[in-house]
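J.: Spelled out, the chains give:
There are 2 protein chains.
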Amino acid sequence: MSGKEKVTIYDISKKLNVSAATVSRALNQNPKISLKTRELVAKTAAEMNYKQNRLAQALKSGRTNNIGVIVPYINRSFFSSVIRGIEEELRPHGYHVIICQSHEEAGNEVEQINTLLNTQIDGIFMSVSKTTQNSDHIKKVLEENTPLVFFDRKMEMPGVSSVVIDDFKAGFMVTEHLIQQGCRRIAHLSGESNLEIYKYRHEGYCAALEEHGLEYVPEYVIKANSKIESGIEAVAQLWDLEIKPDAIFAAGDYVALGAIQELKNRKIRVPEDVCVAGFSNEPFTKYMELPITSIDQTPQLMGKIAAQVFLEQVQENQTLTIEKKVVLPPGLFVRDSSDRSSLKVQAENR
Amino acid sequence: MSGKEKVTIYDISKKLNVSAATVSRALNQNPKISLKTRELVAKTAAEMNYKQNRLAQALKSGRTNNIGVIVPYINRSFFSSVIRGIEEELRPHGYHVIICQSHEEAGNEVEQINTLLNTQIDGIFMSVSKTTQNSDHIKKVLEENTPLVFFDRKMEMPGVSSVVIDDFKAGFMVTEHLIQQGCRRIAHLSGESNLEIYKYRHEGYCAALEEHGLEYVPEYVIKANSKIESGIEAVAQLWDLEIKPDAIFAAGDYVALGAIQELKNRKIRVPEDVCVAGFSNEPFTKYMELPITSIDQTPQLMGKIAAQVFLEQVQENQTLTIEKKVVLPPGLFVRDSSDRSSLKVQAENR
DNA sequence: AAAAATTTTGTAATCGATTGCGTTAATATA
DNA sequence: TATATTAACGCAATCGATTACAAAATTTTT
Numbered sequence: 001m002s003g004k005e006k007v008t009i010y011d012i013s014k015k016l017n018v019s020a021a022t023v024s025r026a027l028n029q030n031p032k033i034s035l036k037t038r039e040l041v042a043k044t045a046a047e048m049n050y051k052q053n054r055l056a057q058a059l060k061s062g063r064t065n066n067i068g069v070i071v072p073y074i075n076r077s078f079f080s081s082v083i084r085g086i087e088e089e090l091r092p093h094g095y096h097v098i099i100c101q102s103h104e105e106a107g108n109e110v111e112q113i114n115t116l117l118n119t120q121i122d123g124i125f126m127s128v129s130k131t132t133q134n135s136d137h138i139k140k141v142l143e144e145n146t147p148l149v150f151f152d153r154k155m156e157m158p159g160v161s162s163v164v165i166d167d168f169k170a171g172f173m174v175t176e177h178l179i180q181q182g183c184r185r186i187a188h189l190s191g192e193s194n195l196e197i198y199k200y201r202h203e204g205y206c207a208a209l210e211e212h213g214l215e216y217v218p219e220y221v222i223k224a225n226s227k228i229e230s231g232i233e234a235v236a237q238l239w240d241l242e243i244k245p246d247a248i249f250a251a252g253d254y255v256a257l258g259a260i261q262e263l264k265n266r267k268i269r270v271p272e273d274v275c276v277a278g279f280s281n282e283p284f285t286k287y288m289e290l291p292i293t294s295i296d297q298t299p300q301l302m303g304k305i306a307a308q309v310f311l312e313q314v315q316e317n318q319t320l321t322i323e324k325k326v327v328l329p330p331g332l333f334v335r336d337s338s339d340r341s342s343l344k345v346q347a348e349n350r
Numbered sequence: 001m002s003g004k005e006k007v008t009i010y011d012i013s014k015k016l017n018v019s020a021a022t023v024s025r026a027l028n029q030n031p032k033i034s035l036k037t038r039e040l041v042a043k044t045a046a047e048m049n050y051k052q053n054r055l056a057q058a059l060k061s062g063r064t065n066n067i068g069v070i071v072p073y074i075n076r077s078f079f080s081s082v083i084r085g086i087e088e089e090l091r092p093h094g095y096h097v098i099i100c101q102s103h104e105e106a107g108n109e110v111e112q113i114n115t116l117l118n119t120q121i122d123g124i125f126m127s128v129s130k131t132t133q134n135s136d137h138i139k140k141v142l143e144e145n146t147p148l149v150f151f152d153r154k155m156e157m158p159g160v161s162s163v164v165i166d167d168f169k170a171g172f173m174v175t176e177h178l179i180q181q182g183c184r185r186i187a188h189l190s191g192e193s194n195l196e197i198y199k200y201r202h203e204g205y206c207a208a209l210e211e212h213g214l215e216y217v218p219e220y221v222i223k224a225n226s227k228i229e230s231g232i233e234a235v236a237q238l239w240d241l242e243i244k245p246d247a248i249f250a251a252g253d254y255v256a257l258g259a260i261q262e263l264k265n266r267k268i269r270v271p272e273d274v275c276v277a278g279f280s281n282e283p284f285t286k287y288m289e290l291p292i293t294s295i296d297q298t299p300q301l302m303g304k305i306a307a308q309v310f311l312e313q314v315q316e317n318q319t320l321t322i323e324k325k326v327v328l329p330p331g332l333f334v335r336d337s338s339d340r341s342s343l344k345v346q347a348e349n350r
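Here the protein sequences come in this chain order: A and B.
Counting from 1, one number per residue, gives the positions in the first sequence under UniProt numbering.
Counting from 1, one number per residue, gives the positions in the second sequence under UniProt numbering.
Do not rely on the hints blindly, as some may be mistaken.
Copies of the same chain look alike in the list, so a pair counts if it fits in one copy or across any two.
Lysine to aspartate or glutamate pairs mimicking DMTMM-like chemistry, simulated, CA-CA at most 20 Å apart [unchecked claim]:
hint, residue 1, residue 2
1, 264, 289
2, 15, 5
3, 51, 144
4, 6, 122
5, 286, 262
6, 227, 104
7, 6, 111
8, 244, 219
9, 6, 144
10, 267, 289
11, 51, 136
12, 264, 336
13, 15, 89
14, 199, 166
15, 139, 156
16, 36, 211
17, 130, 229
18, 6, 143
19, 223, 192
20, 60, 5
21, 244, 176
Calculated from the structure, these hints are not laboratory results.
Everything numeric in this text was worked out from a predicted model, so none of it was measured.
Throw the hints in and build the complete structure from the sequences for me.
T.: Now the structure itself:
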């Protein structure tokens, strides 16, 4: 109501008695336009408070400067941090970030991709949902020639770039750390087996056991589902065994937390009797009175790198799509839940 | 490269030997078009895998179906949860959510608003940054007639809708709870004074003191800055006083956490000697070995309601902008950090 | 069966910016 | 001074969908 009509290049062209084409070129610093007119146009545009209509430009150019990010849930520490990294890297380049949630449902994922493609997005970043089995919807993205970057949870597909951490190494590091703490019977609480990340963490675990001459005990490996309850149940199950573990490596922090709660419940001391380590370095792990050892996935950096991969892919306006696979190094944060060395120090201090 | 050219209504019109106008109308279920052709067009469109170009439509209609959300940081539990609420409520209506971060800097906020307006957004949701002092940039939003909804951190402006929790009541509830626990010298760690939320929490604190006949001691009220360190420092400062407090109500969970850490450090028992309560119900508060009492702001609900307010505002396509102010009730989660009743029970059980 | 009323579809402008091609104006060359 | 270059700018089409207005086709009425 309060008037403020949008001013267009036509308004400017009328005022200056030049053509709209000239105004457009002048605003785009086209050298075909004399410096004098360019300056005049720029000045007038500023005076008239001209704002370029990005929709019109997008329609003409086919580029919207919007990218879409698909994650299971936006309010999970890891994902929101990745998104933060993406946003901060892309904003200076004029991109806006549109968020979509799959709720861990493959069906939603398909729908989100469809509407994103339809919305003329310039690129898609995604972490696949736990329930995603086939990749038809993702192939569609490639067919439309829309740049795609997987982060963390990827699918093995030719021609798609990805940014992940080295989950194998992470699993190896954690397990080796536990061994170094003197643990010999290390249990592993894994996750959804159709996600590569859990597979690799498990493999890293196996490799560390082997390298240190420890036996792989199938009963010590339990599938958990990322929730606290799952950690509680796992401990219950493990402590039914004849020979109890002396360490637990959980592939998620909430599972580790549940495990610790149940251990305490059973009056089992952590880390004295059992060392525990989690995965993801959720904020809460370091705030606990008994801080939890965990693997940091540097989510914000992951987002930043993913954005860079995207930018490179877009800028190399070559027809050939180059596939980049970035593997970031994991960081092991040793905390009290698995740190027996600090125990000795405390004992010595007495 | 892989061809897949976009099909437009012109492609359909050629194939069917009708005009593009007819196709457009048919697709929009315009009753002026015979049912027969409508069905034919629909069928052909499906066969040709036609997808409407939302950019063209947006240019024509002036509506993009994109809304922007501006928050200080996207990876803060509270904000990402609000965004989740907004996204989930708006998606069924065909809206996409674009996120922007102000990094708590007024300057960024101004810039974000400008680029959002320029991007032809259909609405803006925002929580103002701590450093935002004047509201010129926000007035610009109103002048352009773009629907605006504040959530949590609002500014007092005529004509702008908002969704917040009742911070006064929350402050009152917490304080009263502490009093009921037997505390009489309650300290309050406040926040940035230019944000309404902290002002109201403080006022609620004052009101509860007064209602229960407790004296307001200025030395017990300290300005903190939402960080752990700030809580530590505050306790140091408070414990320099002649008469120490016997309770601490922090206007933020991290500050409460810092306070607890420092109290423990000084061998002061929580909640036996000092009760502590925080604000925001950050996930970690309930996972601690000593869970922290806190106020839940129902962020996801807040986002959902904000989205509803927006939708109402858009749907009532009346010229008059109606200003809606929603105040949600806070939830008090009493946990061990301030719960002395459970202590007695434990004692009795021995 | 002719005229009137109604249905159905087409023409062309529009949203705002961009750009290939052509034209005019200014400068350089002969 | 006449001609060749170059510089500066305008015309009009284009991106894809929508829609007021007009025209054609069909049905109803007399």
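J.: Please write out, lowest number first, the hints stated earlier that are contradicted by the structure.
T.: When the structure is compared with the hints, numbers 13 and 16 turn out to be violated.
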